[in-house]
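Asker: Residue numbers (the working numbering), protein chains in the order written: chain A, 1 to 261; chain B, 1 to 335; chain C, 1 to 273.
Read the hints as simulated data drawn from the structure, not as lab findings. All of these numbers come straight from a predicted model, not from anything done at the bench. Incorrect hints may appear among the rest.
[Said to hold, decoys possible] To be clear about the criterion: a stretch of chain C counts as covered by chain B if any three or more of its residues have a C-beta under 8 Å from a C-beta of chain B, and this derived list gives those stretches:
no., stretch
1, 10 to 22
2, 107 to 113
3, 192 to 202
[Claimed, not checked] Beta-carbon label-pair distances, calculated as ranges:
no., chain 1, residue 1, chain 2, residue 2, range
4, B, A82, C, W179, 18 to 28 Å
5, A, G169, C, A236, 47 to 57 Å
6, B, A142, C, R21, 21 to 31 Å
7, C, E257, B, E208, 54 to 64 Å
8, A, P117, B, M154, 55 to 65 Å
9, C, V50, B, A142, 43 to 53 Å
10, B, R332, A, V113, 42 to 52 Å
11, B, A143, A, Q257, 36 to 46 Å
12, A, E197, B, R120, 51 to 61 Å
Glycine included, every Cβ here is placed at the ideal spot set by N, Cα and C.
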Amino acid sequence: MTALRKYVAFARIAAVQAARGRGELYGRMAFVAVILGVFSALWKAVGEAGMPIAVEMSALVWYLAVTEWILLTPAPAYVDIEADVRRGDVAYQLARPASYLGAAMAQGVGVLVVRAPVLAATCFVCAFAVTGRMPDPRSFVYVVPFGISAMVLIHALYVLTGLAAFWLGDVSPLFWVWQKLLFVLGGLMLPLALYPEWMQWLAHGTPFPSLLAGPGSFVLGVGSADAWTLASRLACWAVVITFGALVVFRRAVRNLQLHGG
Amino acid sequence: MPSLPAIRVKELTKTFRVTRARPRSLAGRVQDVLAPRTEVVRAVDGISLSIERGERVAFIGPNGAGKSTTLKMLSGILHPDAGDATVLGHVPWRNRSALAFEIGTVFGQRSQLWYHLPARDTFALLAHVYEVPPDEHRRRLAALTDAFDLGPFMDTPVRQLSLGQRMRAEIAASLLHAPRILFLDEPTIGLDVSAKAAIRTLLRAQSETDGATLLLTSHDTGDMERVCHRAVIIHQGRVLWDGSIADLRRRHVKSKRITIWSESEHLTLDLPGVRVLAARPYYMEVELEPGTTPVGAVVDAASRQGVLHDLAIEDTPLDEIIRSVYRDAEARSTS
Amino acid sequence: MVGHGGALTRNSRASLWRFARALFTTNLNAALALRGAFVTQTVFMILNNVVFFVFWWVLLRRVPHLRGWRLPDVEVLFGITATSFGLVVALTGGVRQLGQFIEEGELDTLLTQPKPTLLYALGIRSRASGFGDMLSGIGFLAISGHVTIVTIPLVAVLIAAGSTTILACGIVFFSLPFWIGRTETISRQLWELLITFSLYPEPLFGGVLRLMLFTVLPAAFVSYLPVQIIRQPSVAVVTVLLAGSAAYLAFAVRVFERGLRRYASGSRFVAFG
């Protein structure tokens with residue numbers, strides 16, 4: 001149990017720091033307002049030409065509110081981890097009785113605890129202001145837990161990206177690429193139903209749809225049956241990503257121990 | 001023909017408003033946003049001096065003394081709150097652009113060399129900045145490359161150079177357009193001993209060759225002694241001392257320190273003005289008050305007691321002299 | 001001093017032009033000096049823009065049109081915006097760092113040299129990703145089918161106007177530190193807001209927002225007007241575009257100069273020594 005307490009401490013310190021660093025959070029809140037505004041205009045224009053799927057325009061705006069909530073809440077941990085790797089701080093952490101990975105994940109959770117409610121409120125208010133209506137309240141029962149699980153996995157992907165600094169000169173290009181794939185294949189702005197068949201098939205080979213489109217689909221009127229599918233998908237990807245992170249980290253550590261920091 | 005001073009400063013003053021944060025509480029933070037608490041700091045408090053062409057002057061002072069601020073005002077970067085200055089006949093903050101052609105600057109903590117390119121590329125660009133005709137640029141560059149020994153690394157990207165090499169290139173860059181005055185702000189900061197020595201020699205030699213006036217700020221008295229012949233000591237925005245370094249030594253010489261290694265196991269040096277600092281078998285260290293027993297008499301007394309194996313006679317180090325200047329000033333201001 | 005020329009020829013137009021040319025050449029060399037990073041950043045920026053465009057490709061296959069706009073129109077929009085933005089970031093990349101230069105006192109070195117500070121500060125950095133933007137932008141324009149050999153000169157003018165507007169906005173946004181400290185986040189948000197709005201079709205926006213996009217956040221001068229000109233060439237609109245972008249630049253230069261005067265008076269909190 002004491003082991004767990006130490007990670008709770010990491011989470012807490014990260015939460016406090018997130019609460020202090022409000023500039024970035026305000027920026028994201030402003031961005032949410034803008035993007036939801038732009039998209040409500042977009043969907044209205046699409047509606048005029050003929051909706052391509054049997055979904056209401058307002059529902060699509062709420063869909064975007066959910067996916068943006070999931071995307072914007074996690075902080076870009078890869079920046080700090082990359083810096084840690086470069087400075088050699090990871091090496092120091094190895095000498096301490098706490099797993100670097102565990103600490104990184106705990107800190108991510110701490111940040112989520114602070115930012116998720118704030119951004120949830122922002123997204124909710126903006127979506128409501130822009131559409132004038134609300135989806136079935138029961139959908140939020142699904143959106144919240146799936147959303148939070150998705151955020152944790154996204155954070156894990158950030159951590160993996162940061163660890164790539166052991167091998168790559170600059171991890172930003174790697175980040176840009178998978179982030180854009182997340183946007184497209186994860187259906188950030190468009191539900192996957194709109195995509196051509198082959199793209200949908202391609203997308204389901206990646207964790208991305210489960211992270212964004214999955215939780216978002218609940219506000220489009222998708223029922224509890226799909227919750228089980230999504231849950232199992234997320235669980236599988238969680239296992240894959242965790243395994244991947246452990247393997248990568250173990251190799252990085254071996255790299256460190258053989259070649260120095 | 002009367003020669004005009006290169007730099008003339010009269011009662012130059014500069015104050016800054018600095019915000020002071022209130023104690024960290026919610027109320028304090030709100031107040032800080034609505035009504036920030038500011039304090040006026042007099043960085044430069046009525047400095048006057050005059051520097052002739054070809055002089056090499058060191059501005060010495062502790063951190064926060066106002067040296068860099070003065071330098072910035074003289075190079076046109078900062079506008080003073082009061083006072084006058086002319087540099088080469090220009091008022092720096094009014095004719096900054098015209099003056100810029102005639103001066104060179106080296107900021108120890110900032111680089112004007114492009115980081116990923118060889119120094120040569122920066123030099124080429126600077127030729128355009130200062131509008132130096134191509135032939136003259138080539139001639140000047142060759143002379144400086146030779147004098148500063150830049151040849152081996154002229155074509156190496158600056159990021160791969162050592163700090164000493166970078167500083168040499170930096171100073172060469174500032175001299176490319178043959179400025180009449182060179183302002184240097186902490187030019188040897190962070191350099192190791194041999195690099196410092198190299199830079200000091202080069203600065204002195206080049207200024208003698210070009211006839212350039214040098215004004216450098218530093219907290220390293222080595223810079224002062226090896227490069228300049230005149231020192232201006234600044235403390236809390238005011239000039240405490242302005243004169244030749246030789247005079248500074250003579251004015252504030254406190255005592256001599258004599259260290260003796262003797263063949264005799266015990267030494268007795270019971271002379272007026274002699275204070276024993278340390279005494280061990282075959283060894284003694286004493287401090288000699290100026291104006292009492294002559295140094296020669298002390299050495300004679302020691303050598304009469306036994307053959308001297310080694311002898312060291314040291315002046316009070318310049319650092320100590322300057323520190324005593326600050327202490328006197330502080331004592332005067334608090335009394 | 002020998003060879004410096006008389007006061008009359010100093011900072012003459014010819015010498016300023018030569019300096020600008022030398023500055024930009026040096027800047028490009030610096031960007032190319034790190035070959036590996038240059039290629040990576042360029043390639044990834046192209047990938048980035050293409051992936052971003054996929055959204056439109058997917059949507060506009062299913063929807064007949066968006067208030068009259070079809071896929072080729074969005075391709076032109078992306079093309080113009082990406083190329084203009086890339087040009088600014090590649091050539092005058094210093095604009096993105098202007099805030100940092102001001103806050104960290106890096107303008108001092110430039111101020112002691114006898115060339116216009118703003119020009120110098122802009123040309124002192126280059127971002128390789130700008131080249132990626134330019135290449136992908138040109139690619140988008142090529143596949144749109146709206147640009148032919150004949151219209152290339154016109155498109156070049158439109159891109160120049162777009163770049164000028166982006167540069168002007170960047171100068172204003174990143175000059176905020178002259179007056180308020182620690183505005184990196186705000187400046188960056190405004191910058192990204194301009195880019196974001198420039199990438200969405202103009203017919204989506206109406207009312208107050210539209211007014212804003214034609215004035216304080218001039219995405220209209222970056223992409224909307226240029227796209228309109230390509231769809232329906234009109235001398236009047238071209239004139240408005242050119243006049244507008246020139247006006248923005250003039251305003252931006254004024255703002256910077258005001259800020260520089262404030263900087264020199266030391267009214268910002270400055271570390272002294």
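Asker: None of the hints should be skipped; say for each whether it holds.
Answerer: Here's how the hints hold up against the structure:
no.: 1; hint: 10 to 22; result: holds (count 6)
no.: 2; hint: 107 to 113; result: holds (count 5)
no.: 3; hint: 192 to 202; result: violated (count 0)
no.: 4; hint: B:A82 / C:W179: 18 to 28 Å; result: holds (24 Å)
no.: 5; hint: A:G169 / C:A236: 47 to 57 Å; result: holds (50 Å)
no.: 6; hint: B:A142 / C:R21: 21 to 31 Å; result: holds (24 Å)
no.: 7; hint: C:E257 / B:E208: 54 to 64 Å; result: violated (40 Å)
no.: 8; hint: A:P117 / B:M154: 55 to 65 Å; result: holds (59 Å)
no.: 9; hint: C:V50 / B:A142: 43 to 53 Å; result: holds (51 Å)
no.: 10; hint: B:R332 / A:V113: 42 to 52 Å; result: violated (59 Å)
no.: 11; hint: B:A143 / A:Q257: 36 to 46 Å; result: violated (53 Å)
no.: 12; hint: A:E197 / B:R120: 51 to 61 Å; result: holds (59 Å)
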